[in-house]
Structure formats: C-alpha cells, structure tokens
Amino acid sequence: MYDFAYHRPSSVADAVKLLAADPDAKVMSGGMTLIPTLKQRLARPSAIIDLSGIQDLVGISVSASAVTIKAMTTHAAVASSAEVRKAIPALAEMAAHIGDAQVRNRGTLGGSIANHDPAADYPAAVLALGATVHTNTRRIAADDFFTGMFSTALAADEIVTAVEFPIPEKAAYVKFPNPASRYAMVGVFVAKGPAGVRVAITGAGANGVFRHHAMEEALARNWSPDALEGVGTDQEGLNGDIHASKEYRAHLVGVMAKRAVAKAG
Amino acid sequence: MPKVSLTVNGKPASAEVENRTLLVELLREHLRLTGTHVGCDTSQCGACVVHVNGASVKSCTMLAVQCEGAEVVTIEGLAAPDGTLHPMQEAFREYHALQCGFCTPGMVMSAIDLVQRNPQGLSDREIREGLEGNLCRCTGYHNIVRAIAAAQQVMHGKVKELPRAAE
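Heads up: the sequence lines are chains A and B, in that order.
The numbering used here puts the first residue of the first sequence at 1, with every later residue one more than the last.
The numbering used here puts the first residue of the second sequence at 1, with every later residue one more than the last.
Quick caveat, the hints were computed from the structure, so don't treat them as lab data.
It is possible that some hints are incorrect.
[As the list claims (entries may be wrong)] To be clear about the criterion: a stretch of chain A counts as covered by chain B if any three or more of its residues have a C-beta under 8 angstroms from a C-beta of chain B, and this derived list gives those stretches: (1) 30 to 36; (2) 43 to 56; (3) 98 to 105.
[As the list claims (entries may be wrong)] No farther apart than 27 angstroms at their CA atoms in a straight line, the calculated lysine-lysine pairs in the DSSO-like style are these: (4) B/K3 to A/K39; (5) A/K26 to B/K3; (6) A/K17 to B/K3.
[To be verified] Derived contacts from chain A toward chain B, CB cut-off under 7 angstroms, selection only: (7) M1; (8) D3; (9) F4; (10) Y6.
Virtual Cβ for every residue (Gly too), placed ideally from N, Cα, C.
Please take these sequences and the hints and turn them into a complete structure.
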C-alpha cells in the first residue's frame with residue numbers, strides 16, 4: 001500500500017472542505033472496499049478522508065412512510081434494527097446477508113452505494129424501493145443516482161449523508177451468491193409500494209444495477225411469480241465472466257425474480 | 001510519524017505508525033501480539049479477526065490510525081490473568097476444534113462475537129452461517145461448530161460447566 005495523508009474530520013462540512021481542497025483525496029466510510037483496493041495498489045489517493053469520526057452520520061429513523069438511514073450506519077446496525085425489521089423487513093434481511101459478519105460490522109450504506117460495485121446488494125434495495133439519496137448539497141432520486149459501474153451522480157466534492165427508503169407494501173430480495181466470494185452473481189430486489197412496482201437487478205449488469213421494466217409491467221398486472229413466466233432478460237448489457245456467462249446470468253435473473261416475488265408474498 | 005494510542009487487552013498502548021499501517025501490523029509488529037494471524041491478507045479468511053470496541057473486525061482491513069482511542073481485544077486478552085481459559089477457548093480445546101491451529105485465533109474471536117450477539121442461542125446451521133468470514137482448511141468445521149454450540153451454553157449461563165465431548 002502506498003502511503004497517504006489521513007484525516008478524520010468530525011463534521012460533514014469539514015470533510016467536504018478537505019475533499020474540495022484536494023482532488024486526489026478519497027473519502028473512506030467503512031473501508032471494506034477501499035482498504036483492499038489500496039493494498040493491491042489499484043488506487044493511489046493523496047489523502048484518505050475517514051468519515052468514521054462524524055457522529056452525525058450514524059443512525060436510523062422511521063416515520064409512518066419512510067425509513068431514513070444515515071450514511072455511516074453499518075450493515076450490522078441495519079440488520080439488527082428492530083425498527084427496520086418491522087418497517088421494511090426485506091431491507092434488514094438484505095443487510096444481514098452482505099459479506100460476512102466482520103464486513104457487516106464495518107461496511108456502511110453510504111460506502112456501498114457511493115462505490116456502486118456492480119455486485120453489491122444495497123444498490124438493488126435503493127433502486128427497487130425508489131429511495132432518495134441525501135447528500136451534503138441535494139437530494140437525488142435512486143433512478144438518477146447510479147450512472148454506471150463504479151460510478152454515480154455524486155459530484156467530486158459531494159458526500160452521501162443518508163438514504164430515505166419509502167415503506168413498501170411488499171418487498172423481498174433474493175440473491176445467488178458466488179460460491180467463493182459470496183458477492184451476488186445475480187440479486188433481485190422486488191418491491192410494490194408508493195413508487196409502484198419496481199424490480200432492480202444487481203450482479204448481472206455490465207453497467208451496475210438496473211431496473212427490469214418488462215418484469216415490472218408483468219408484476220403490475222399480476223403480482224405473482226407466475227406472472228414472470230416467459231418474461232425474458234436481454235443478454236445485451238449483461239456481465240459475462242469466468243463465474244457465469246451472460247446466458248446463465250440472464251437465466252438467473254428470471255429464477256431469482258420469481259423467488260423474490262414468492263418471498264414477498 | 002503519527003502516533004496512535006489505544007487500549008489493547010485492557011492496557012493502554014501506543015505506537016508510532018505510518019498512516020498506511022494496518023491494525024494487524026500494529027498488533028503483531030509494534031506490540032508483538034503475534035496471536036493474531038495474517039492468513040490471506042485480502043479480507044477473506046478471518047485469521048486476523050480481533051474485537052474493536054466490542055465488534056469483531058478483520059484487522060487486515062482496518063488502518064491502525066482508525067483505532068485511535070479504541071478498545072481492542074485480541075486472542076491474548078481472553079484468558080484470565082491466572083491462565084483460566086475463556087469458555088470459548090476451553091471449548092475449542094475440549095472439542096478438538098482445530099488441527100493446525102492457524103485459523104483458531106480468528107475463529108475464537110469471531111465465535112465470541114457471534115455468541116454475544118445472539119443471546120437467544122444459535123442452531124448449528126446459524127453457527128455455520130455466522131462463521132462465513134472465517135476459513136479453516138483442516139478440520140471441515142464440524143468440531144468448531146460443536147465447540148461453539150457448547151461454549152454458548154456456558155457463556156449464556158445455561159450451564160456452569162462446559163459439556164464434555166463424548167469419549
């Protein structure tokens with residue numbers, strides 16, 4: 001690992017100031033992707049701006065219509081939150097199966113979505129639930145947030161502060177984990193709620209998470225696994241690699257989607 | 001060089017480190033606590049698991065400077081001063097939950113966190129799932145699961161003495 005300067009600001013304003021002053025600095029939340037990336041010398045930031053000292057970025061609040069999770073809240077905290085489990089059980093359940101227990105103790109919501117790994121779980125939840133991403137300057141709709149593999153609508157000096165998830169009537173997430181890495185080869189989050197019927201696919205798309213509009217239309221007419229019978233997935237734009245071909249991923253999307261609808265009930 | 005001050009196994013510790021120094025390097029190379037192992041060095045195997053502020057973490061995937069002011073517990077900090085083993089250590093011994101022993105420190109640290117977070121008790125399947133972040137390449141996990149299942153009974157106060165392994 002190359003060396004770097006290290007900052008641990010105690011407010012979002014200070015973090016943004018540090019970030020604006022140094023274009024080669026990187027923000028670190030849980031560090032579960034960034035630290036391994038640094039160790040492999042795949043990145044060489046001039047400075048790390050560690051958000052873990054910002055108390056204001058941790059916490060969960062639940063209203064009648066939404067669950068708002070601050071950016072530095074760990075997956076373990078979301079998974080074990082009785083409030084989240086009651087309001088959006090699919091979200092708590094998803095968080096409980098990210099990585100392993102040690103990763104969940106460090107990894108955060110903000111880090112996961114700002115990184116937008118094409119096989120990460122959280123982007124599927126954010127997109128399917130029609131969540132709103134809060135940053136230090138604005139609010140971004142999920143549909144506008146994820147712009148491509150490892151890229152988002154965030155400006156260079158913008159930091160995710162929270163995500164607001166509207167509470168759905170029904171939702172579920174099912175993934176097919178890679179047997180070795182446990183990353184989603186395909187993960188499907190389905191939701192029926194205030195934002196309509198939405199189906200988000202992670203793990204499969206070459207541009208990261210995406211919505212499956214044909215499945216959404218089928219499920220809007222008839223919310224049942226059977227409604228997805230014969231609804232295909234275009235292999236164009238899917239990932240094909242040593243773990244799974246495009247054809248196999250396209251097939252998995254159908255299977256995981258049916259299971260997710262069945263699980264949502 | 002930055003100086004990091006923290007509590008390790010109940011005692012104050014400090015060291016001059018680089019910003020890029022990993023927690024596991026601080027523990028092993030600066031503080032000479034070599035019970036914490038480096039297996040894969042890629043966040044996968046769990047041999048380096050320690051507790052930071054009560055939560056199990058992979059110490060190869062955390063910077064030493066992030067631990068300023070933190071409470072860290074390593075495998076060396078589990079046994080009582082008189083040498084009495086922690087119930088989880090005792091269970092690993094009783095149930096022969098190791099072969100080469102390389103993964104054992106991380107297994108024990110992860111297992112303690114797992115049991116503490118689940119006061120309702122864990123099934124064998126839940127124990128296996130809870131060990132997702134720890135790899136053992138010798139034993140096939142069977143005795144590790146048995147050891148944790150037994151240790152949780154002691155840790156939750158269900159039994160006073162560790163149930164003995166069958167002869």
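Starting from A/K26, check that the Cα of B/K3 is at most 27 angstroms away, please. holds, 22 angstroms
- Message: Just to be careful: measuring from the Cβ of A/Y6 to every Cβ in chain B, is the smallest value less than 7 angstroms?
- Response: Check passed: Cβ of A/Y6 comes within 4 angstroms of chain B, closer than 7 angstroms.
Using 7 angstroms as the Cβ threshold, decide whether A/M1 counts as touching chain B. Holds - the Cβ of A/M1 comes within 7 angstroms of chain B, reaching about 5 angstroms at its closest.
Cut-off 7 angstroms, beta-carbon criterion: hint that A/D3 touches chain B: It holds, given that the least Cβ distance between A/D3 and chain B is near 5 angstroms, below 7 angstroms.
Can we keep the A/F4 interface hint, with Cβ of chain B closer than 7 angstroms?
holds, 6 angstroms
**Study point:** Agreement of A/K17 and B/K3 with the hint, judged by alpha carbon distance not exceeding 27 angstroms
**Key:** holds, 24 angstroms
Quiz item: For the region 43 to 56 of chain A, does the count of residues with a C-beta closer than 8 angstroms to a C-beta of chain B reach 3?
Solution: holds (count 3)
- prompt: At a Cβ distance under 8 angstroms, does chain B reach at least three residues of the region 98 to 105 of chain A?
  reply: Satisfied; 6 residues make the cut.
Original post:
Do the alpha carbons of B/K3 and A/K39 lie within 27 angstroms of each other, as the hint requires?
Top reply: holds, 21 angstroms
- Query: For the region 30 to 36 of chain A, does the count of residues with a C-beta closer than 8 angstroms to a C-beta of chain B reach 3?
  - Reply: holds (count 4)
Comparing the model with each numbered hint stated earlier shows that all of them hold.
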